[in-house]
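There are 2 protein chains.
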Amino acid sequence: MVSQKMYKLGSQRSEIRELFEYGLKRKAEIGAENVFDFSLGNPSVPAPECVKDALADLVENTDPVALHGYTSAQGAPDVRKSCADYINKTFGTNYTGDNFYMTVGAAASLTISLCAISEEGEEVIVLAPFFPEYSVFIDQAGMKSVIVKCREEDFQIDFDALKSAINEKTKAIIINSPNNPSGAVFSEDTIKELALVLEDAQEKFGKDIYIIADEPYRELVYSPETVVPFIPNYYANTIVGYSFSKSLSLPGERIGYVLVPDSVNNWQDVYYAVCGAGRALGFVCAPSLFQKIVPKCIGKTSDISIYKKNRDILCDALSEYGYRVVQPDGAFYLFVKAMEEDSRAFCEKAKKYELLLVPGDSFGYPGYIRISYCVSTEMIEKSLPSFKKLSEEYK
Amino acid sequence: MVSQKMYKLGSQRSEIRELFEYGLKRKAEIGAENVFDFSLGNPSVPAPECVKDALADLVENTDPVALHGYTSAQGAPDVRKSCADYINKTFGTNYTGDNFYMTVGAAASLTISLCAISEEGEEVIVLAPFFPEYSVFIDQAGMKSVIVKCREEDFQIDFDALKSAINEKTKAIIINSPNNPSGAVFSEDTIKELALVLEDAQEKFGKDIYIIADEPYRELVYSPETVVPFIPNYYANTIVGYSFSKSLSLPGERIGYVLVPDSVNNWQDVYYAVCGAGRALGFVCAPSLFQKIVPKCIGKTSDISIYKKNRDILCDALSEYGYRVVQPDGAFYLFVKAMEEDSRAFCEKAKKYELLLVPGDSFGYPGYIRISYCVSTEMIEKSLPSFKKLSEEYK
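Chains as they are written, first to last, in our numbering: chain A, 1 to 395; chain B, 1 to 395.
I should point out that these hints are in silico values taken from the structure, not numbers from a laboratory. One or more hints might be untrue.
What the hints assert, rightly or not - Chain A side only, calculated, beta carbon under 10 Å to chain B, not exhaustive:
| hint | residue |
| --- | --- |
| 1 | 43 |
| 2 | 67 |
| 3 | 279 |
| 4 | 304 |
| 5 | 339 |
We put the CB at the ideal spot given by N, CA and C, even for glycine.
Pulled out of the complex, with its shape left as it was, chain A reads as follows (with noise of 0.2 Å):
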């Protein structure tokens, strides 16, 4: 008597859910030092001082009434114009807090600008490996998933296959760069193709087609020659969801923005639709304490110097053992690819060495795996002798 999509989405728990659950069975029965757990993307360095300064200031000496209201919809108007000035400084744009549209997260700000652009049939493509609730966030929206993979090599947009999967039922693509899982970049050539790609269909087509740029994880990269193109200023039609979980360490809290640029066609009805979708779907606002805090820490990072050693730990060590490895630009993710073509059996090889690894089936991308890394250095030393002894079983 229940909604059957729902019981589904509520009782079958994703690959990865049901590997946190086995490690923390395992931790129990061995001690957690001995599990070497990969499995979920939660921030393991801690939020950057200026977090508990912001909040500890606020709490002490804001009057409460204000400080817990409701604030309008769409966000308190400072700290949308803390976000517009950011931006503009950042990326040359010239932005007001009133193209800004404050959410609970990252995933609401998916949920959305999806039901926002919605039209019954149409579709959106996904670029593979990717996030697996874009999947359900899109079939929510009413409209169906077109998964296209990426190259191989580097992880960029295959541009073949994205040719052959435009057409004229397509609304729009989600750009995830920096990726997860891959932790691919997509470089300035990629997005400059992509725009053109769009352009083309956009006119071919007659319609509008919107890039939907999801990215949480802008700040995390780790060379300073990588540049992570600000896609609004190659491709007009592009509606940017950011959120604060990653870069500021505050997944918890749940709180990001959606981004509708002037440049985007009928920007303002696009804006207006946003709006509406955050009022059907139940946001009311985004939490109003830690809407405070964006003015105050906007800019500011975790240390994210932690990861880049994570990462270049596990690279070097994993090369070294023989694994195929890319090195990725950001987020804090490593894909891999397995020895062997089932991913899922070669994640379960791992267990006998307790690593927990998410294989790449549920990114839309079997045959890899992934590799959290936003985990303590010192698990990942502790771990190297396990995925040696693991790529040994295939040699």
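Let chain A serve as the given structure and place chain B on it in line with the hints.
Here is chain B on its own, set in the frame of chain A:
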């Protein structure tokens, strides 16, 4: 090229919001102290001291990775347990944390519950006067609102009207007691009769019919003799949606829960569907820091004696001036008969005296007006001559 439904929801301001914006403009023109704005339901009493203490303590003494990290989707186990313990102690029930799913406030509790039980084409009964977003949420869940008017004399349920509205498509009825906008508390007799009517209907149509009890105002009652019946103790198929927005004066922080009691038919399936709906709508988890406030503050409230004082001043004065007032037992709203048939015209006249009142049309109950008395007592006292002059226009 966007969803026309979402565009409409986002671009057409609600009557309440329009009035609020008019108020801002008017305050700028003649001074805030000269405008009597009774339009919004934003608590005017600060959060109890325990909230500030708990926030300061958590921020100072908790590891930030744990404090701000993801909780499980249904909420942190100790938080859910504290909700169960409090409800068990208060209402003699026997729930565990596994009956509770933490949400981003009352609106989310509703959209999640409705989405969880939704079957295309089914109907949800709402009792007028009602919170206007109910229709939006029901529509978004793919169901149809059926409006049943409450009795004018006491805003209790009109059971003849209710019985005529129930049919084979009825999936649920939303109960909001204490009520926004009438302030009425449904009596134990009302709830008992409602339970009988719904049990008969379940048997007649061979299906589950749910009560969705929307209870953000549960603790806001003003007489020791007023009892707010705990509906799951009267009707098995009750899903409770709660929010701490009003009891703890935290409306902007978005923290509440859905309770699926064991008494609900196949309660575990309903709970799974709730989890699935939370996932599909993009909620991920309720804000982590404010989840952790719950065990430290549950059962406490803001100083509601201020609301009682406001109610008493307004009820006494308005009765004296000739308004027909049903004294409300709870929440912080008065729902008063307009002095002409067209309540929108009445509210327009009120503006001449700088009184901002919301026409009952917004709540599916024309001919009445809503006065939100969650404002300063000083403003109420200063507004009385205006109410008097308004009434004199109709003599």
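Each hint, compared with the structure:
no., hint, in the structure
1, 43, "holds, 7 Å"
2, 67, "holds, 8 Å"
3, 279, "holds, 5 Å"
4, 304, "violated, 14 Å"
5, 339, "violated, 31 Å"
Figure legend: structure checked against the earlier numbered hints; hints not met, in rising order: 4, 5.
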